[in-house]
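So the sequence lines, in the order shown, correspond to chains A and B.
Residue 399 in my numbering sits at position 399 of the first sequence; the count goes up by one each step and never skips.
In my numbering, each residue's number is its place in the second sequence (first place is 1) plus 1000.
Honestly, the hints are just simulated from the structure, not real lab data.
From the three backbone atoms N, C-alpha and C, an ideal C-beta is built for every residue, glycine too.
One should not assume that every hint holds.
What the hints assert, rightly or not - Across the chosen pairs, the derived CB separations fall in these ranges:
#	chain 1	residue 1	chain 2	residue 2	range
1	B	Glu1411	A	Gly236	42 to 50 Å
2	A	Ala350	B	Gln1240	46 to 54 Å
3	B	Gly1164	A	Pro31	48 to 56 Å
4	B	Arg1039	A	Thr245	47 to 55 Å
Unchecked claim - Here chain B is said to cover these stretches of chain A; the calculated rule only asks that three of the stretch's residues, wherever they fall, bring their Cβ under 8 Å from a Cβ of chain B:
#	region
5	103 to 111
6	153 to 161
7	206 to 219
8	235 to 244
9	314 to 321
10	327 to 338
11	396 to 408
2 protein chains.
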Amino acid sequence: MSVQEYISANAGGFFAALKEWIAIPSVSGDPALAGEVARSARWLARHLRDTGLPTAEIWETPGLPAVFAEWPAQDPRAPAVLVYGHHDVQPVTPLEEWQVPPFAPVDRNGQLTGRGASDDKGQVLFHALGLRANLAASGAGAPPVTIKLLIEGEEESGSLHFAGLLRENLERLRCDAIVVSDGPMWSRDVPSICIGTRGLVSAEISLDGPAVDLHSGAFGGGVPNPAHALVRMLGGLHDQRQRVTLPGFYDDVAPMTERERELFARLPFNEGEWLATAGGSQAAYGEHGFSTLERIWSRPTAEINGIWAGHTGPGRKTIVPRSAHAKVSLRLVPGQDPAKISQSLRDYVASHTPPGIRAHVELHGPGARPCSVPIDSPAVQAAQRAMERAFGTEVLFTRAGGSGPEAGLAEALGAPLVFIGVGLDDDNAHAPNEKAEMPLLLKGAETAAYLWDELAATLARGQP
Amino acid sequence: MSVQEYISANAGGFFAALKEWIAIPSVSGDPALAGEVARSARWLARHLRDTGLPTAEIWETPGLPAVFAEWPAQDPRAPAVLVYGHHDVQPVTPLEEWQVPPFAPVDRNGQLTGRGASDDKGQVLFHALGLRANLAASGAGAPPVTIKLLIEGEEESGSLHFAGLLRENLERLRCDAIVVSDGPMWSRDVPSICIGTRGLVSAEISLDGPAVDLHSGAFGGGVPNPAHALVRMLGGLHDQRQRVTLPGFYDDVAPMTERERELFARLPFNEGEWLATAGGSQAAYGEHGFSTLERIWSRPTAEINGIWAGHTGPGRKTIVPRSAHAKVSLRLVPGQDPAKISQSLRDYVASHTPPGIRAHVELHGPGARPCSVPIDSPAVQAAQRAMERAFGTEVLFTRAGGSGPEAGLAEALGAPLVFIGVGLDDDNAHAPNEKAEMPLLLKGAETAAYLWDELAATLARGQP
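Chain A with its partners taken away, still in its complex shape (with noise of 0.2 Å):
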């Protein structure tokens, strides 16, 4: 039986799992739903002993816990590979915007709608079904090489208990390469692999001002508004040329190589399309002297993701709200370290505060560093004869806007980096109405089955 032929075969069970998994409100970010983070885990762990997998434990973190699974070589001197990728979804609100309950999942036209469809749920469960089919096509009764999986439950709130995770399993998980599978290839027609990621600080700053709402008659205009001062702080956070204006947020930042040029003009960009899958964003907007492309990946940004003060409901009341909130990210690029920019955002904050003020930054952990894969890596170049063996055509390369905790994973095991993603732009990864394509997850499946034979063939062991 071939690769493909046991894929088919098999679609409608795996799609089947992958509803029950998304059913599962894993919603890392809130904490009352740290409960269904624990069963996303135990279910994920269930269904990779069912796929065959002789170890699959639930790794506890002090926050919420991540899956580890293993599934030994049959030849004990095959290299080891470990896919990296996590069980938790993004926050669900705007709940009234979604055409379907977000944790309900429904299949319509070769599309599946839920949170987590795309991120990271199906991208991980695929795995599950490439292995089999793997297998299904060798005969074999072990995978050409050891194959670990480390699906962790933190990725969408900062991963903030990886790093400890890492530390404390190294030997287990020792491995030859990283396969990411997390995020979007080019378009639907254009496979490609992502050769980078951005790096992310995030964090939420408070004002106070005073101790409780204030008549905006009898008080407004003789005291601080916690309100103009947050919108004064964050309407300076881009200069005139939309630069980001934190001290030194420019000092480090790797500069774009003729090379990283050159693949990114070979990308058959459309602007207007691309504005499409932007939620029909009207205008490309953003830092003077780059392109779209180079904006999104290969520049800094900073952007506000939430602000909130006072009244936000109906009807007028006319107060001095007693303190302003922000979220606020940074993306980060080659050269520039979180812990450094983390500061410059807690010095911007202090030096932009103004007298009868409280700020406060609080820092999403420790962040995320930016994260860059040399194209010619025997594993990149594995990752692309499988992928193109699935789609049965060329295979371009990208970066990625996003971030992840990828570079600190290889830097942690010592290892090589390579991304297979199979999302699109428009899957609405962190927005109302997440879905996936379900025949892309299905090419997923058969590249992940691919790729385990192109690395045995090709990726050198590391020193035991």
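Following the hints, put chain B in place on chain A, whose structure we already have.
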């Protein structure tokens, strides 16, 4: 029986009735509570009938109902006085900061805590007690002036239908003076009469960007972020001298008079104590070149009352929010026209909206005009005498930073205004834990009881 004796004897019943009324959550700003505002109107009309007023009616509007009541003077040649107040209340968010449930009033140590205790149910209801005290002291079967009450139901949400209500009922509302019963006096020990209020324009500003929230990694830095546009727009609402930057905002502002400065200078103002009542604000702050009292009484201001965009819940959600919103209020001083300032706000928003963002300004009604009362008017002089009898001490003059529909009322009815208020600035009128000082509400009733005699003696009756 003296006025004081009557009030002492009936204080218990007065506070019991007030608590019953406060328990009705008549929040005019919340459409879901429209039925409660109607219930509050019915409660008041019944209470006024029980007080003895021959007429007490619900006046419907296209929005929320007002209450009108009338008790003709014994002498048909006596002047007519209209008491204005409101029976709707402010919203109660943030609910978690209330120490008692806002609609389950509690009295302790001479303070009655509950939404509306001071603003304005307490200050409306003392008129019923004062009127009975006046009749008990005179032994007459009707008051010395014709008393009319107009208690509206939309004051806290912009008095949207008040002008129409006046137009349709001009004949029945005809009067020789208008007593506005809403607001604070100078301090617990210093009774005062307000001789002016600021006008008000308020609006909700909405900025729309992408059709959905976007992944801030995939799209951030490449498309306009409505939250950035909003903070930049509102961050520019004040210049470095804390002057409002709306075009033409100061063009028609009447400068303060010498008389005004003299009256204000007589008030025992202590900025440290004032800051303590301002929720413990740590510094006075506002338009350069003006004192605190000047800033809050005689200068126009702009305040952000609320702002919201994107993810405001727990944890991190790295998005470019699809839209951003703010509620803004502008306080106006004599000379400024709400219609002209509303247009200026629209112009400001339009000229500060960047490409790719769509802006919408929704005014909360036509606004309120600022109001100025001549200190030597017979009505003000009569009120000063009545208040000095009740409090046994000199009554000074203030202005108010707040706003109401009084200027429109005086203009529509062609009658002079007089403000009597026994609230305090630290009543938390628009904040959690609103309270009224119970002894001051009784002094308000006593003032009202004397006021009708003073007005009967001095007020010229208008031409029929």
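Which hint numbers does the structure go against, in order from smallest to largest? 2, 5
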